Structures are given as C-alpha cells and as structure tokens.
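First to last, the protein sequences are chains A and B. Under this note's numbering, the first residue of the first sequence carries the number -15, and numbering increases by one thereafter. Under this note's numbering, the first residue of the second sequence carries the number 39, and numbering increases by one thereafter.
Just to be clear, a hint being listed does not mean it is correct.
What the hints assert, rightly or not - In silico SDA-like cross-links for lysine to any residue, where the CA-CA straight-line distance does not exceed 20 Å:
# : chain 1 : residue 1 : chain 2 : residue 2
1 : A       : K273      : B       : E216
2 : A       : K520      : B       : K139
3 : A       : K583      : B       : N40
4 : A       : K485      : B       : E446
5 : B       : K455      : A       : K129
6 : A       : K480      : B       : Q444
7 : A       : K517      : B       : E216
8 : A       : K129      : A       : K377
Said to hold, decoys possible - Going by beta-carbon spacing under 10 Å, a handful of chain B positions derived as facing chain A:
#  : residue
9  : Y88
10 : L137
11 : P264
12 : T378
13 : E436
To be clear, the hints were calculated from the coordinates, so they are not data collected in a lab. Remember, predicted model here, so these are calculated numbers, not experimental data. The beta carbon of each residue, even a glycine, is placed where N, CA and C say it ideally should be.
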Amino acid sequence: MKYDLIVVGAGHAGCEAALASARMGKQTLLITININNIADMPCNPSIGGSAKGIVVREIDALGGEMGRNADKTLLQIKMLNRSKGPAVRSLRSQADKVTYKKEMLKTLEATSNLTIKEAIVADLLVENKKIVGITTEDNETIYCKACILTTGTYLKADILVGDKRTPEGPHGEKRANFLSDNLVKLGFKLLRLKTGTPPRIERSSIDFSKLSREDGDDEELTFSFDDIAYYDYKNQVPCYLTYTNEKTHKIIMDNLSKSAMYGGFYEKLGTGPRYCPSIEDKVVRFKDKERHQLFLEPESLYYDDIYLQGFSTSMPHEVQEKMVHSLKGLEHAKILRYAYAIEYDAIDPLQLKPSLETKVVENLFTAGQINGTSGYEEAAGQGIIAGINAVLKLNNKEPLILSRSDAYIGVLIDDLVTKGTIEPYRLLTSRAEFRLLLRSDNADLRLSQKAYEVGLLSEERHNELLEKIKEINELEEEIKNVTFPQYKCNLSEYLKRPEVKIIDYTDKFSKKYDKEVLEQVEINHKYEGYINKAKKEAEKMIKLGKKQIPENIDYEKVDNLATEARQKLEKIRPRTIDQATRISGVNPSDIAILMVYLKRYYNE
Amino acid sequence: MNDTIVAISTALGEGAISIIRVSGEDAISIVNNIFKGKDLSKVASHTINYGHIIYKDEIIDEVLVSVMKAPKTYTKEDIIEINTHGSIAVVNKIMEILLLKGCRLAEPGEFTKRAFLNGRIDLTEAEGVMDLINSETELTRKMAVNEISGKVSKLITDLRDNIVALISNIEVNIDYPEYEDIEVVTINKIKTEVKYMKEKLLEILKLSEDGKVLKDGIKTVILGKPNVGKSSLLNALLEEDKAIVTDVKGTTRDIVEGNIIVGGVKLNLIDTAGIRESNDVVEKIGIEKSLNLIDEAELVLLVLDGSEELTEEDKFLLDKTKDKKRIVIMNKDDLESNNTYNKDVIKISAKAGIGIEKIKERIKELFNVGAFLSKNLTFFTNVRQITLLKSAIESLEEVEKGINEQMEIDMIEIDLKLVWEKLGDIIGANYTEELIDNLFSRFCLGK
Chain A
-15 MKYDLIVVGA GHAGCEAALA SARMGKQTLL ITININNIAD MPCNPSIGGS AKGIVVREID
45 ALGGEMGRNA DKTLLQIKML NRSKGPAVRS LRSQADKVTY KKEMLKTLEA TSNLTIKEAI
105 VADLLVENKK IVGITTEDNE TIYCKACILT TGTYLKADIL VGDKRTPEGP HGEKRANFLS
165 DNLVKLGFKL LRLKTGTPPR IERSSIDFSK LSREDGDDEE LTFSFDDIAY YDYKNQVPCY
225 LTYTNEKTHK IIMDNLSKSA MYGGFYEKLG TGPRYCPSIE DKVVRFKDKE RHQLFLEPES
285 LYYDDIYLQG FSTSMPHEVQ EKMVHSLKGL EHAKILRYAY AIEYDAIDPL QLKPSLETKV
345 VENLFTAGQI NGTSGYEEAA GQGIIAGINA VLKLNNKEPL ILSRSDAYIG VLIDDLVTKG
405 TIEPYRLLTS RAEFRLLLRS DNADLRLSQK AYEVGLLSEE RHNELLEKIK EINELEEEIK
465 NVTFPQYKCN LSEYLKRPEV KIIDYTDKFS KKYDKEVLEQ VEINHKYEGY INKAKKEAEK
525 MIKLGKKQIP ENIDYEKVDN LATEARQKLE KIRPRTIDQA TRISGVNPSD IAILMVYLKR
585 YYNE
Chain B
39 MNDTIVAIST ALGEGAISII RVSGEDAISI VNNIFKGKDL SKVASHTINY GHIIYKDEII
99 DEVLVSVMKA PKTYTKEDII EINTHGSIAV VNKIMEILLL KGCRLAEPGE FTKRAFLNGR
159 IDLTEAEGVM DLINSETELT RKMAVNEISG KVSKLITDLR DNIVALISNI EVNIDYPEYE
219 DIEVVTINKI KTEVKYMKEK LLEILKLSED GKVLKDGIKT VILGKPNVGK SSLLNALLEE
279 DKAIVTDVKG TTRDIVEGNI IVGGVKLNLI DTAGIRESND VVEKIGIEKS LNLIDEAELV
339 LLVLDGSEEL TEEDKFLLDK TKDKKRIVIM NKDDLESNNT YNKDVIKISA KAGIGIEKIK
399 ERIKELFNVG AFLSKNLTFF TNVRQITLLK SAIESLEEVE KGINEQMEID MIEIDLKLVW
459 EKLGDIIGAN YTEELIDNLF SRFCLGK
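With these hints in hand, go ahead and build the complete structure from the sequences.
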C-alpha cells in the first residue's frame, strides 16, 4: 500500500493536516488509535478564547475546518474584550464535545482522497534521511512520500493521580509506546511535558441556584467566514461561576503531600504550563489570595458532565471529593470523572523548519502537541500549515510561511522554531507584536488569497473574498463624498471621532453594504494612525526578513560571535536576519557581526 | 581570526614614557621576536617584564613589556603593551619594526571596536569609550566615564521596567478578560505613569542638551560695538587659560581656529576671524549677519563700554539678546565709569585682566557645570541617544493624545510599546538598522 501522505493522529492538528492534504489532491491516509476519538476534546469543552479565537478565524480563512465545525456544534458563543479595541476582540465558544467529534468525522468521511485507518504507529521507515513509510504495532508497513506526526499527548503518556502513575493516554486510551523511542534513534531530541485536566461533575448534583450565571452574547456570531449560524442565539446554554474558599484552600494545603505534583513521588516530572496551573499550584503560589474563580461549563447536550474550569489537580480521588464538596453549589456534587495530570513526550521544536518539516528527516512534518504546544486551536493551526507545506514539498513548490505580521499562526510557528519551548506553549495576544494587523475581523483579507494560491481555498470562497474587497474599495470612495459642512470634513475624517459610528450613516450610501464591509472601513479610519504605526514597525521586520542567511553558512567562520550566540545560531539555523534577532542569547552585537559577515559573504 | 593591530596609546609628543599597544592572536609572538629578556610566550598573564627591544642586533630601547593574555583583557584578545622612553624617534622606530613584523596599524577606535565586537562592552559603553578618547576637558572626561559606568543604561533600564510592568498588566487583562481577580489597568493609572515618565525623560533631555553643549563646546559669540574691547577680551580669556585645544590626532599643538577652553569649559567662538581682523563685527558683517550669529549662538558675550553711556547700537544688541544665555560685560572698568546701565553686568578690564574670573564663573553657572562635575547626574551626550530620547518623549505624548481621544487601552498600549522600544534602542537592547549604521560610522567596520 502506498499513499502520498500519511497523517499519524486524528486530533485537531491531524484532522486539519489530513483535510488540507486531501483537498489539495493528495492520496492521504489518516491513522488514529480510536476512530471514535477523532477530533476529541479531552480537556475543556471550548473552542476559541483570547488570541485562540483569532487562530480559529485564520484556520477558516485558510480553508480549514475548525471554525466551521465549531459553528455547527455551538452551545454558547461570545466576543471577548468587546470593550477594548478591535485588535484584541476574540471569539470564544462552548462546543458540544459529542457533536464536535461526529461532525468532524462526517466531514472527513465525505472528503475524497482521504482514508481513515485505526492503528498505532510504532516506527518510521527512513531511507537516506527521508521518510518512506511507517510500521504499526501490528507490524504492518505502509509506504508514503511524506508523513505528518500529530500524536498529541499520546507518546509514552502517563496519567498521574496522587501517587499513582498509569501508562495510558487521556481518559484511559491506549498510548503510543514505541514511536518516541524510535524518534530518538532517528536523531530527535525529546521533551517531557505535563498538563492536567479538572474533574467532571454530574449536572443534576449541582445546585445552580447558588451560582451566578454566565450567558453568551445577545447576537448571532460565527467563527467561519461562511457566516452560517447553526444555533439560536436566544437559546444558548449558560455557564456558571463559583469560587474556591478558605475551606478548599485548607484541604489542599493539608493534603499537599498527596498530590502527584507536590508529593515528591517522582524524581523528575515533566514541565507543566505556567499559565494553566493546577489548583494546588495556584493556592501554593498565591497564598494571600482568598479565592479563585471557577467556571462550570457544559460538555455536551448528550451527557451530564459539567467541566470545572480552573480546578485541574493531581490529588488522589478521596481528596478531590473533599475539595469539590467544599465549593459553593457543589456541596453534594457527584464527580463523574476525576481530575488527573498527564505526562507525555514531545519533540524539541527547534528541530523544525518554519515550514514545520523536521530538519532531521526530510518530508517528515510535525504539528500540534508533539511540537510542545497546548490547546486545540494551536494544534489545528499548525496542522493546516503542515498539511499545506507537505503537499507543496511533494509538488516541489516553496513552502507557505506566514510571518508574524500575517497571522497569529505565523507568530506561533516562528516562536516554536526560533525560541523553542520548555513548557507547553500557549498562544497569547501578548506574543503578537503586530496584533492590530492580526485582527479577528480581517483574517480573510490577510490569508485567503494565499490559501487560494496554494490550492486549498475553494473557488466559491475566493469569489466571496474578491467581492468583499471590491465592496470595501467602493465604500472607501463613497465615504469621501458624504460631507459634514458644519465640521468642514467628510465621513472618512469624521469617523476618527470616537463617538461616530458608520452604521448611523448607511442611508447616505448608494447601496446596502454587508456589515463586515462596514466594519472594515470603520476600523480602517478610526484607527488609521495606529494601524500605520503598526505597519511601519512590521515593515522594519519584513525588511530584515528579506535578509536571507545562506543555508550552508558556517558559523565557525563568523569571527567575533559570542560563544552562546554561535551555539544557538548553529542549532536553530535561522533563515533570515529577522528570525535571528529573536533567538534568545543572540544579542544585537552578534547580529551586527553576522550582518558584517554576510555583507562580505555576498560581496565575494 | 582577527589580524594583530598596533597603535601608540599615549599622546604623541615628548613625554616621560610612551605606550605602544599590540592586540591580536600574534601579539605575543610578534613582540617576543624583537624582545630580549624573558621569553614572553612563557611568562604568566598580567605581568610586567623588563628587557630591550632589539632589531637587527641593535638595541632600540630599554622597555617594560606588559603581557595580558586573552580573554581578560580590554579587547578580549592577547594584548602586549610596550612602555618605551618617550622620544618620538624611538616610538616611531618601534612602530616601524612592529609593522614590518606583521602588525597592522590600528584604525581610530579599533581597540574599542574589538572590545565591543568581542562582547566585552555594550554599545553605550563603547560610545562612552569613544567619547572618552575624544574628550578634551575634565568635564567631558567625567561625562564619558559616566557613560562607561553604565549609569545611563541603568536609568533607562529602570524606566523600561516600569513600562513593561504596565504593559504586562494590560496584556493580562486582554488575555484573561473573564478573570475578575486580576487588577485592571485604568486610564488613570496610565496617565499617572506617563506623567512620571515624561517628567523623568524631559529632565534627562534637558541635562543631555546642556551636556551635549558642554561636550561639543558652547557656540559663543562675542558682540559689541567697534572698539569696545572684544579682541582684548578674547586675548584675556586666552591669556587666562593657556590650554589650547589641539586637533583629534594629538600630533600638533596648533590653535584650532575658534576653540578655546575657559575655566575647563570649551567655547566654540563663532566668527573669531571677524573679531581679530576687523575689530569691528557689527560694522563689518552688517546687522543681518550679526542677527544670524545671535540666533546660532548658545552663549552671547555682550561687551559694553564702561566709559560712556549706552549707544543705540548697544541698546539694539541688548534687546536682541535678551532671551539668550548671555553675559553682559562692562569693559574698561579701569577707566572712569560713565555707563549707568547696571542690570546684571560683570565689570572687567580686559587690558588689566581684571574680572575675567567672574566671567568664567558665570559661564559655569549658566551651563550648570558645577552640577555636571560634582553630582551623579544621568544624561546622554551623543546625538543618536538624544534623538531617540526625543522620539521616546514624542511617543509618550502620543499616549497622552490617545488618552484624550478616548482610545481603547490596547491602542494606547501601542505607543507605550514604542516608548519601550525607543528606550531600548538607546541602550542597544534591540537590534535595529540604525544600530548597524552607527557601528559602521563610528567604528569603520567593513570595507
């Protein structure tokens, strides 16, 4: 059997990678340990969030599936940071875990060129440092021209609860026992990472009357630029809010030695994420804090589990019982699934090119948690890029590399391959220096043309994009002709005033413009000064990005580099001066020295 | 690897000793080759060794040779310093031999350039060293030492830390909008911080501008009607302080036209030629030019005649210079006093050399020299840094503008980030094109 491309793992990264590859015309095989767990959400029942919501929009703009699939399975959706500027607004939804999987499987099965297979991959077949196939734990060999590893948290996963360590994947799934050892044999350096998930509570055992209710936004919202609302915004499923209290904190402190993380049962533990600490971490680190916020989020309409966001822990079950019962509204709560921490192998992402192809094995790509990230959205964003670039590689085309001023996905991948990571990496708005350019509202304008050019975006979506651009240009002209003699200005200038909204002047236009078109034009004018500043800063970066570093550069020959800088440059081998400036340990003076060397190099 | 460079480190001239410095991979072997005494390749690092420089069996000089092995040296390379007797002929001969043996004559500032490129000093420090090398007075030397000590960097780093704290708080608000237990940054908080930072930066800018004037020399014009004694004043100032500025290379002691040092402060006299040749500035160059001179000047020495009443010309000059830093000098104090103008004047007799000291004191007062000499002030003295400082202040003003226009906090933050970056550029914390340009221009990098 031979495929163009094999995708190993069918989580959020794997689904996007396989869909991109198949849609771009490659015979694609998607291998999963359990077909019923495709596109599973093993942790929070939520898609989007600050920065992450924009990633979902970007995936959609690139022709990916996550946005559309989330739209089909919404329980609740809201726009975060509405009171702040347009740059930081981001969608967050509660998605139904059952229908999310079902809808994604439906899409995968309906996609031509795509085959799904249940198996556990044990090893990679590599000839001349190039991938040629895989073997499964059942000793089956399948050949391919390119391969994308999207194994999530399944590589040698261990579940940690109290002093118990169980070798299995999320909620008792089988783990991949051999693949990571074989990756080491091929020359990969591994990281051991850790993350955790909170307990799930039975809905009927919670006294919601004691809790405050959190609703979705009172208007129709969608992730996808298809703009189809599958839900009734007047009938969204609410979330609820509760808090830890003194009693909870006392239980935690009294039992700290029983926690997998604090008990000292293991000599060495994987590195956990700082931004998503366990509740014992929070209590220990912020001792003077009287309470911590906890959200109760519905997992699905088809079963009873309520996700207790903010309460992830690795305490033994009996302590978890006490902790949960100390919470207001949860005094009689029944825990359906206990919280746990999970440890897994990942590869050091510094071994990747910006295309997400590994530097170690040609035509082998990796995406998602195997690259040291956390989060469904981060995984899917890498998945679609790995899928696109694997196909482009097979077609002998240049890879699609999104810059930091193109997309959050560009920021994410650049951070991974340039800075590496020591903890599960989460995308934050603060990681993006040009976020005013990377807005939720303009993801299509930023990315859809690129996706069309590489052959992923549909003809229909491309036409819609062209139409939208045309309308924006028309409206830009029209607002110049709407004048306000009393202020001696036209609407394009008048819009700069904070209180002026374009929606109030639609009767002055020759036709009815789409609300997204109105929004674009309003933002362009209201924030013109800031947008120009951001563009100017981005141009500096783009200029340095054009200064290529030859692939075969010998850093030993660059005199005067500091030792640390030389080692880092040698390891990461940045493609451009711009990328080199972001490597920690490479100082401005090292860059200056490198520039001087390159000047001479290119002159000779 | 780098070639081995050599230069005379002490000012060329007849002194007790001169030091020749050699830096680079072959420094020790080259000098060892012409040195009779201990085997320099075997002596311990950071030792001084007695011996002779020998060339073609001839003793050139009796010398002390300091051996400093990499990396604990100024350039982080092997360094040899040869202490010779100060004769120009001897020094030149040794230089000649070293060049013949494979050293290359160092470019101006090249030792510092190597120290910078080898990562021993950062950009501000390197700039400080360049300033130190070029410093002509005790004052500018102190300023340069201030730069090298990193005090300037420290202050900027502190301000940047303030901004980062503010920015990261704003960022947390954005990334965790639903968490109520995180302090929300309010517009008022930003206002307070920005006000504080702007005050600080304006203070530094003010000092920096004064400092720059002092470093580059105060553009000074001596004004007065014909025969009032301008040239005698100039001569008296020169007579007082024989320190005459020499040019950069330190090889000649000719008077550099127009530069004099008065009380340790450098004055760049504008149109000295005018004073000397015609004795009659206003008449010779006309009103318009003299107005231009006043415009350009950072200090005006306006000379009046104590022996007679104010003329129309005097009144005109008094009026035109009233907003400038100026010293009104009543000359001819040795003659009978007939001038009733008495607003803040210094009475002198240029001819008799009376009252010159007072002028010097006043100059120091006007430019805050005492403070620069004694206090631990923090300021910048080079154009690159001052320009960035101004630009950072502009960005702070943009923040204020955003606040007034009720912009969202994350928009205002864009300008805050720019302030942070510009301050970073000052201390070389960011890599920028300007940095490279600066390096190329100051350190003659590349070809």
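Which of the numbered hints are not met once you compare them with the structure shown?
2, 5, 7, 9, 10, 11, 12
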